[in-house]
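In case you want the letters, here they are:
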Amino acid sequence: MKNINIIKTLFVSAFMLVGVYGCEKNFLELDPPYTQDAENYFNTEADYQQALIGAYDLLQASFLNVWIGEIASDNSIAGGESVTDTKGLHEIDEMQHGGENNELRSIFRWYYAGVARTNFILEAQDNLDFTSKASVMAQAKFLRGYYYFQLVKFFGDVPLVIDERLGPEGASSKDRSPASEVYAQIEQDLQDAANGLDWIVAEKGRVTKGAALSLLGKVYLYQDKFTDAASTLDQVISSGNYSLVSNYSELFTVAGENGSESVFEIEYSGLEGGGYGCLICLEGNAAPGFHGIRQYTGPVYGDGNSYNLPTQALYDAFAANDLRRDASILDIDAFIAAQANPADITYAVGGGGHTGYYNNKYIKRQGEIGLPDNDLTSPVNYRVIRYADVLLMAAEAHNRNGNDGAALTYLNEVRGRVNMPNINSGGTQLTEDIWNERRLELSGEGHRFFDLVRTGKAATFIEGFQENKHELFPLPQAEIDLAGGNWDQNPSY
Amino acid sequence: MKFKLITLLIFVFSGTIAFSQSTKLSGTVKDETGITMPGVNVKIAGTTVGTTTDMDGKFSFTADVNETSMLNFSFIGFETKEVLIAGRTTFDVVLTTKMESLNEVVVVGYGTSTKKEFTGASGKVMGDKVEKLNIPRMDQALQGQMSGVNISTNSGSPGGSSSIRIRGLSTFGDNDPLILVDGIVYDSEGLNSLNPSDIESINVLKDATAGIYGVRAANGVILIETKKGSLNSKPSLSLDYYYGIQQPSNKLGLLNAKEYAVIKNEMFANGGDNVPFANTELGNGTDWQDAVFENAPMQSVNLNLTGGSKNTRYSIGTSFYTQDGIVGGDKANFTRYNARVNLATDLDDRFTLNSVFLYTHEERAALPENGIGSVLYNTINAFPNVPVKANGTYSYMEEVSDIINPIAQMENIYNDALVDKVVGKEELVFKINDNFTLTNRGSYNYALVDNKVFSPLVWFGAGKAQNSAINANLDPTLVDIGDSTFIERGASVYEARSTYVDLQYEGFLNYEQKFNTHHSVKATLGTSVFRRRGQQLSGTAYNIPNNSEEYADISANLAPGGFLNNTGSFEFEERLLSTFLRAEYNYKFKYMFSTILRRDGSSKFGPNSRYGYFPTFSGAWVLSEEDFYDFAPINFAKLRASFGISGNDQIANFANRALLNGEGVYVFNDVITNGVAIGRSANPDLKWESTQQFNIGVDANVYNIVDVTINYFIKNTSDLLFQPDVSGIIGSYGPGGFPPVINAGDVTNRGFELELGYSTDPKKDFVFNTNFNLTTLKNEVVSTPDGVDFLPGVTFGVGGNVATRFEEGFPIGYFVGLETDGVFQSQEEIDQATVKQEGAKPGDLIYVDQNGDGVISFNDNQDKVMLGSPIPSLTLGSVLNGTYKGFDLSMNLYAALGQEIVRNYERQQPYANQLDYVINRWTGAGTSTEVPAQTTGSTRNTEFSDYYVENGSFLRIRNVQLGYTLPKDFTQRFKVQSMRFYVSGNNLYTFTRYLGYDPDIGANGGPLSAGVDYGFYPQARTFMAGINLKF
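From first to last, the protein sequence lines stand for chains W and A. The first sequence begins at 1163 in the working numbering and counts up by one. The second sequence begins at 142 in the working numbering and counts up by one.
No wet-lab data here; the hints were simulated from the structure. Honestly, I wouldn't trust all of these hints.
[Said to hold, decoys possible] Coverage of chain W stretches by chain A, computed from C-beta distances (three or more under 8 Å per stretch; other residues unrestricted):
(1) 1353 to 1360
(2) 1393 to 1404
[What the hints assert, rightly or not] Computed spacing ranges between beta-carbons, pair by pair:
(3) A:T618 to W:Q1457: 51 to 61 Å
(4) W:N1648 to A:K265: 31 to 41 Å
(5) A:V923 to W:N1648: 24 to 34 Å
(6) A:G1067 to W:Q1457: 30 to 40 Å
(7) A:E714 to W:D1325: 23 to 33 Å
(8) A:Q1049 to W:S1411: 37 to 47 Å
(9) A:G702 to W:Q1457: 31 to 41 Å
[Stated by the list, open to error] If you want the footprint, here are the derived chain A segments under chain W, 3+ residues with CB under 8 Å:
(10) 817 to 828
(11) 865 to 876
Ideal placement from N, C-alpha and C gives every residue a C-beta, glycine not left out.
Given these sequences and hints, build the entire structure.
Have a look at this one:
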């Protein structure tokens, strides 16, 4: 009797436990109610579109690589209030930068944030089929290609994170991938993007097939793959969708945004305020305000922080009759002298350096001023790839392939727009001419340092540049540490 | 060995082997003094056959007996006695009282133990000791009653909460212990609902043996049992009533109007400004404290019916409690109605049904407390030269934007919360046989919380942040709703209704068996399923008619078009699924060993750490049971040790997951377009904070009259939740992005606990007993993760320096700032000083250059040092009771020593009133070396420094009570069993050097705000008179 009871009880208890544990897994699997989180997202087309907007957001980090691309080169100095104001830029200016550099760390963090946001979408690409799927995935791949291109330009070998999200421990399991592998991934992404994108898009700000092909052409050029570069860029040129804007000096105004010359442009708005505490949170372009004339009161321009000041060398590189000189560089004293009441116009010189020149492409202008604090909220878009750049890249690719005829056509199209005489050189002289033309056409747009590095000219032009060292920026030391200390620092740092 | 096995077999089968015959057994049971004992359990040993004695102590029953059968007599509080039947049929038995303290029942979770055999460290307080204090909250009543449990008051307002810290602080997160009322989870925030008069006992599991509750046990476990009846007892009705008057126990020394005018003039002159008072002869002016504080009543009625029939025990209670505030009167009222039914029925001789039902309705009105804008903050800083009212309207203090007239403020606050709470369980206990008991129970905790805040249009003077009207005529603000269309924004009402439902099922099997008389084994195996769900719906409506509370309901909304109204909601759910096993072995009550293993699965944690295993080991050796032990003065001595791992699951729900609350915004077609992005990154490995605790202790009894308990513990908590820098490649640093929450960081608590209990013979005319307890505590943050130097806590003053931190090598929430070294007496002294202190003027505080670089660094951390800690290093509690014939006198003392308090209720603003210590300010060389010169000019004296940190040590007389019980033979003439009158005083006097209202300060805003006084609502001093009647 006793034993039967025990058996009964144990049986009942066991049943109870089995009952409870049978549904245990489901019992503890809870989703946050009425909240979308990363795990239960991507159920509708709109979800993908929303996440894609989040992935575009990091494009707006571009103001910083524009600064560094200029300041690191012979085109400009860091400027600013003092030499300790944004110290990282001054160190880069002096070629004294090392593993502790806030600006380089921001580049690293922001572009990986961009990569992570594209991976978030691409990780879920098989969740759902929907009408705009091809376009969404193509845009996401374009963005990932763009973000990795920035990373590989700055740091060389970087860890490749593809179609996955990393947990906090995930970083230490990632080694740096050789730059060649990173480039291969970028090429793949951009080819996929070009296949899925249209030449013409309804919504201003969306990337296009032209943007993908132009960026792909640039990526080939950075690897000296001249045949691929030429054929890819020729597709853009022969598409007939782009043409040079006749008036060079209007290219960089708000009115000139998304014009016929615009291949890839990053969009900004002046309609949202912001603070210095989170530059990456801005919807405005921080560059024009930072480039602005310090404590300036006067016509045409607005006051700013005197960053990224063009050098005398750059000014002198232009022919006196090259109208691109004054469109690219503001000679402040000459400008003031030419105004109606020069005595009423004042400005201050920052302790971070003064050259007498300001970046006249991206600068705070009256009529293009955003909400307070308007040093941070410029609505001026950043022109990442202009058709002129495409023509010059194509010229370079053809020239290096031995097709000087095509090269000259493209080069002289660019020169002709600003009424500069045709060039008729060939061979390596033509190569030099094209490179020089790139400097003149594209100064102040963040290309110079990387052009000098990829063409092997950096040591010639940049004071303090050490070969086999400064071609790459150092990995932020903190990032090496946080990833478990497994990554080697770039050579000589 | 072989022999033992055979004996064992014989023992097990003896019942079936032996030859038996039916016999009638009867007799009488008496206690040592010869009084007959009703309700004694009498049975044939090893069986369930038996009965209980009747009202005259007699018993009689028939059973099958043989020559080895024994009669077993047992009764609570008495030594169990076994008598060999050996052919006899009548038995007169005398039971002797147990050594009370050692046989005290210890509730250990899913079972009970006794103090004698328990291998862990626990504390116990009987309900009567809690009830006697007449404190409406159980936790406050627990202060000073046992070692290792530190209670500090978060607010002295009626219905205000306390911080319960068992053996220190383990985290900068949630340090609240798990509180179970009859096995039902009861949040510490919800303790207001629990009537202390319903409590029979409070057991606190302090060490690793709390690990039976696994992932919720790291902060300790408090097990509360409600009152129960007993079998075969007549119904007993008790009625308790008291009435009390509360008054402020302390007033701050503030400047009167004349002192104020003189000092303000001096401040303005020192600052190079025009002096504000042409005439300083303003007399005493307004004493704002007198205007704000009032004597406030409180009263309580408590009715309890308890008893039992042959099969059923019951205890039924109801109570009413109401208390006004010494600040705000009925605007700070707390009222509570309780009803309780506790029923236990033996359905048959195997099944018992235990049923508990607790109902509470509570209403609480609250004023802003403990911060800038609180009533007391305004009271302390209000200008003494300004009257409360002038020409029939409340006066303004327009010179300062954030100090308003506290009387006008109280008049315009309507903040009410209503709680209805139903808590209960149904428990079926199946006694399978003598060895196995199966318990199944379902429990629930349902709370409905209604909040209503009415915000009338109000004007406190020009420029006040609290104004809701735009002028003294109470005209409403106009709000632009687009296209230059404006609408009025009038009085508003916010209402919220929240429901919280806990459901729990628990089933466990208890096993108990004795082998070969000396080996006893106990085991518990069980499972627990818990689900908590919370929901809230809230809304705000505007333009309430007549600016009157009378119409304060969302339905009375008159705002056009619903432009202003808004709504909100939330919902959450948590689940816990657990299994647990406890095995105990005891040899001759000499050696005991116990082990616990609990497995918890929780919906709070990531899929990779959803399940945790929490083991505990403990053992004890009763030295005094050894044959060689012959030290007579100590008649009982036990050594204990325990070690175990437990968890703290009080972390945010879904912190392991990545929520889409980042910023994903881009510009398309020139329009700012919102998308989504991950905010905080995911951490699928996220898990509980984990605590390893080691305890070693001694229980002893000296001369049978003094109980001694000593414990030493080391408690290491690891895996604290942090958000340190992570590798950029995870992608956390986009706009609105944050690193994932990770487990890192360690905290350690070490302490020593001593409890002494002494009692004279309770049967004499004069009885005296006392309890004394002492706790030392050393709290230290052992490590923070890479990339986190410290976590900043609260700031000092308005927008001032961070004053508290969580930092490696220091106690949690320690105070950090500059050290002072007197006051500069002259410019010469400043010029000659070896340390450069920027901006120093004669009369300024001298700061200490900690890093020796010759400069005081105000903008970084180089010269900051620890200025104190909010955690007392030593706490002492004592209860003294004496009775002589009908009279009883008791006293309750509590002391906390070694902690500091930040004086953070002074508004550092030119016109704000000040504490009167500034009368002794520096006014020229040699006038003061402590209090700096007062100035409105720029000064570094308002930097957070030790000048604002005070010694917070105190000793408090918490309760003194004198009672008289009328003689029984007199009261029984009126059918009254007992009648007692008493007078009582709570919080009578506090010995302290602290300048503020009350040094017993908890942590209103988390552990890193502990010990920071923002104008804390002090505990009242209360005088009470009451009556206890028993029918």
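Are there hints from earlier that the structure breaks, and if so, what are their numbers? Structure breaks hints 1, 2, 3, 4, 6, 8 and 9.
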